[in-house]
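> Here is what each chain is made of, one letter per residue.
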Amino acid sequence: MSRLFMFEKPLGMRDTLPELYEKKYRVREHLADTFKLWGYQLIETPTLEYYETVGAASAINDAQLFKLLDKEGHTLVLRPEMTTPIARVAAAKLLEDDLPVRLAYSANVFRAQQREGGRPAEFEQIGIECLNEETIAADGEVIALLISSLKKTGLAQFQVSVGHVGFAQELFVQILGTNGRADVLRKFLCEKNYVGYREHVQSLNLSSIDKQRLLKLLHLRGGEEVLNSAADIIENGQGKKAISELQELSEVMKDYGFDEHMKFDFSIVSHMSYYSGILFEVSAGNVGFPIGNGGRYSLIEKFGKKASATGFAVRLDTLLEALGGGPPENDSHCIFFSQERRKEAIRLAQNMREQGNQVVLQDITGVHNLDAYTKKFAETTFLIGGHSNEEGSHD
Amino acid sequence: MRRVAMTDILTIAMPKGRIFEEAVELLRQAGYKLPPEFEDSRKLIMDVPEESLRFILAKPMDVATYVEHGVADIGIAGKDVLLEEERDIYELLDLKISHCYLAVAGLPGTKMNDVAPRVATKYPNVAAAFFREQGEQVEIIKLNGSIELAPLIGLSDRIVDIVSTGRTLKENGLVEYERIVDVTSRLIVNPVSYRIRDEQIDELITRLHEVVSVGGSLT
Numbered sequence: 079m080s081r082l083f084m085f086e087k088p089l090g091m092r093d094t095l096p097e098l099y100e101k102k103y104r105v106r107e108h109l110a111d112t113f114k115l116w117g118y119q120l121i122e123t124p125t126l127e128y129y130e131t132v133g134a135a136s137a138i139n140d141a142q143l144f145k146l147l148d149k150e151g152h153t154l155v156l157r158p159e160m161t162t163p164i165a166r167v168a169a170a171k172l173l174e175d176d177l178p179v180r181l182a183y184s185a186n187v188f189r190a191q192q193r194e195g196g197r198p199a200e201f202e203q204i205g206i207e208c209l210n211e212e213t214i215a216a217d218g219e220v221i222a223l224l225i226s227s228l229k230k231t232g233l234a235q236f237q238v239s240v241g242h243v244g245f246a247q248e249l250f251v252q253i254l255g256t257n258g259r260a261d262v263l264r265k266f267l268c269e270k271n272y273v274g275y276r277e278h279v280q281s282l283n284l285s286s287i288d289k290q291r292l293l294k295l296l297h298l299r300g301g302e303e304v305l306n307s308a309a310d311i312i313e314n315g316q317g318k319k320a321i322s323e324l325q326e327l328s329e330v331m332k333d334y335g336f337d338e339h340m341k342f343d344f345s346i347v348s349h350m351s352y353y354s355g356i357l358f359e360v361s362a363g364n365v366g367f368p369i370g371n372g373g374r375y376s377l378i379e380k381f382g383k384k385a386s387a388t389g390f391a392v393r394l395d396t397l398l399e400a401l402g403g404g405p406p407e408n409d410s411h412c413i414f415f416s417q418e419r420r421k422e423a424i425r426l427a428q429n430m431r432e433q434g435n436q437v438v439l440q441d442i443t444g445v446h447n448l449d450a451y452t453k454k455f456a457e458t459t460f461l462i463g464g465h466s467n468e469e470g471s472h473d
Numbered sequence: 592m593r594r595v596a597m598t599d600i601l602t603i604a605m606p607k608g609r610i611f612e613e614a615v616e617l618l619r620q621a622g623y624k625l626p627p628e629f630e631d632s633r634k635l636i637m638d639v640p641e642e643s644l645r646f647i648l649a650k651p652m653d654v655a656t657y658v659e660h661g662v663a664d665i666g667i668a669g670k671d672v673l674l675e676e677e678r679d680i681y682e683l684l685d686l687k688i689s690h691c692y693l694a695v696a697g698l699p700g701t702k703m704n705d706v707a708p709r710v711a712t713k714y715p716n717v718a719a720a721f722f723r724e725q726g727e728q729v730e731i732i733k734l735n736g737s738i739e740l741a742p743l744i745g746l747s748d749r750i751v752d753i754v755s756t757g758r759t760l761k762e763n764g765l766v767e768y769e770r771i772v773d774v775t776s777r778l779i780v781n782p783v784s785y786r787i788r789d790e791q792i793d794e795l796i797t798r799l800h801e802v803v804s805v806g807g808s809l810t
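Residue numbers (this note's numbering), protein chains in the order written: chain Z, 79 to 473; chain G, 592 to 810.
Keep in mind that the hints are not guaranteed to be accurate.
As the list claims (entries may be wrong) - Simulated crosslink set (SDA-like; lysine to any residue; CA at most 20 Å straight-line):
| id | chain 1 | residue 1 | chain 2 | residue 2 |
| --- | --- | --- | --- | --- |
| 1 | G | Lys650 | G | Val754 |
| 2 | Z | Lys294 | G | His800 |
| 3 | Z | Lys270 | G | Val754 |
| 4 | Z | Lys289 | G | His800 |
| 5 | Z | Lys341 | G | Arg788 |
| 6 | Z | Lys270 | G | Asp793 |
| 7 | G | Lys713 | Z | Gln192 |
| 8 | Z | Lys270 | G | Asp789 |
| 9 | G | Lys687 | Z | Glu277 |
To be verified - What follows is a set of in silico ranges between Cβ atoms, one per label pair, in the way DEER data are often shown:
| id | chain 1 | residue 1 | chain 2 | residue 2 | range |
| --- | --- | --- | --- | --- | --- |
| 10 | Z | Tyr334 | G | Lys607 | 46 to 56 Å |
| 11 | G | Asp679 | Z | Ala234 | 50 to 60 Å |
| 12 | Z | Tyr99 | G | Gly745 | 52 to 62 Å |
What the hints assert, rightly or not - Computed list of chain G residues with no C-beta within reach of chain Z, every gap over 12 Å:
| id | residue |
| --- | --- |
| 13 | Lys634 |
| 14 | Ala663 |
| 15 | Thr701 |
| 16 | Arg709 |
| 17 | Gly757 |
| 18 | Lys761 |
| 19 | Asn781 |
I should point out that these hints are in silico values taken from the structure, not numbers from a laboratory.
Quantities reported herein were computed from a predicted structural model and do not represent experimental measurements.
Ideal placement from N, C-alpha and C gives every residue a C-beta, glycine not left out.
Based on the sequences and whatever the hints tell you, model everything.
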């Protein structure tokens, strides 16, 4: 191993310098404020969890988990996402009364780099979970809150793509007969390998009608009209239930007035194995990775409590990239003072701060390059020299 | 990661070299009007405003990387690259151009070393996965080109490489031991582009599909 230079950080770890911090802070506030207005309560969970519990229940690829050992030799993980820790604490504590629980979080999660740089290994996720609430109204509320909070950040162009895990799975089982055979096709969808999917369908010993039904799945995306096309290729049972759930969701979204941000896509299946119903992804046109995703899941059962939940997580770094824009507005003020007018300067600063202004108080003898330093501020005041009544220059 | 703010322009990452000309030909057959000097240019970025397309020229191995990061909406990449790189992209269409295959080759009549068999390749992930499935643990040596050299001068027992006609193997006195997988070029799409720019991309796919499989339909 080569010697590390003092400036180096572990792969994928990044510093947040003041300018970015400020932008992040504002976007986080917009999101969290909206969550609170909708009655979601913020919580925190530990950064470290047991590998055997949260690590195993999480759908994040094992190779992406940061692992370490505690003194007893238990393997620990740095939490790779927030849904699993919240499922743990909900099952253990919060669901005792068997009532709906609405929670929100904003936390850093950790996923090791597998291949190369260009992506952070630690990033902030901000999201909500609506626990122990099975209605489609809850699925709709979660998507509506996602849309509402993104709008609050000022994000103009984005799209929520909504699917249902039940539909494809049911279609496969109806046509192919067994879960094992269905899994082969599901894997192609998961890998986004439509070429392999089509080749596999063509190689199966099926009627041409059934082959058409399977191939059609890949094209079931668009507005409300695809719900009808989807109904054409599925027989009764769970598949129809999936469609009626999506129809109901569509009505809920219309009631919110948010239907224009939503499209249906029946080919969305997640590698997250715990999803159990409606699921969705949100993308902005100008960033290559989705901003966030979510859906209905049965994860709480892994922690010994039977309860259905739905929620979403937004990646703050991707959202910031989608928002773009220049540095945040600099409205900071600096008061330079010399020793003899220190008291006056402190008074002035106190007054200005009470009125909500950002004020830096700086002894003029402490700055070597005054020109460069004054450029950092929107306004400056100089309280220098013996005349205590005369105010210095304003920029 | 930041894309140029031209919302109507689709960016297509094209592989330099062998596949490029075939892919350009395919796009022309699909009715896209590309300028005649297109193939001769040495520019890395070429705009075709009449078709609202921008082409970027990349190393074949890198095409999927550009598409995964979203700096290109679409790419044309060999299946060999997709297998090796396992990028998070949609593989939407088999363009059926640049037919070739990945194979295991070596000097004739030789066996692999029992203790530490060595395999030289440009495709370390594909090679490792293939031998693992055969129940064999091998040591992979990554090379960037002229892979045939490795067994000739004793660097490795076997190579895993792309074979199109088999001529290079033959001329260097090597024989093919096993065929791993057939390779053609694929149309790949960034997941966000696939959702946000669905209409534009669906149109491109439909047009290309008509050309590559005469008579067949997507659904």
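> Decide, hint by hint, whether the structure agrees.
We went through each hint and held it up to the structure:
no.	hint	in the structure
1	G:Lys650 with G:Val754	18 Å, holds
2	Z:Lys294 with G:His800	15 Å, holds
3	Z:Lys270 with G:Val754	27 Å, violated
4	Z:Lys289 with G:His800	18 Å, holds
5	Z:Lys341 with G:Arg788	12 Å, holds
6	Z:Lys270 with G:Asp793	15 Å, holds
7	G:Lys713 with Z:Gln192	19 Å, holds
8	Z:Lys270 with G:Asp789	15 Å, holds
9	G:Lys687 with Z:Glu277	13 Å, holds
10	Z:Tyr334 with G:Lys607: 46 to 56 Å	49 Å, holds
11	G:Asp679 with Z:Ala234: 50 to 60 Å	26 Å, violated
12	Z:Tyr99 with G:Gly745: 52 to 62 Å	57 Å, holds
13	Lys634	23 Å, holds
14	Ala663	9 Å, violated
15	Thr701	34 Å, holds
16	Arg709	24 Å, holds
17	Gly757	25 Å, holds
18	Lys761	30 Å, holds
19	Asn781	5 Å, violated
Of the numbered hints given earlier, the model fails hints 3, 11, 14, 19; all others are met.
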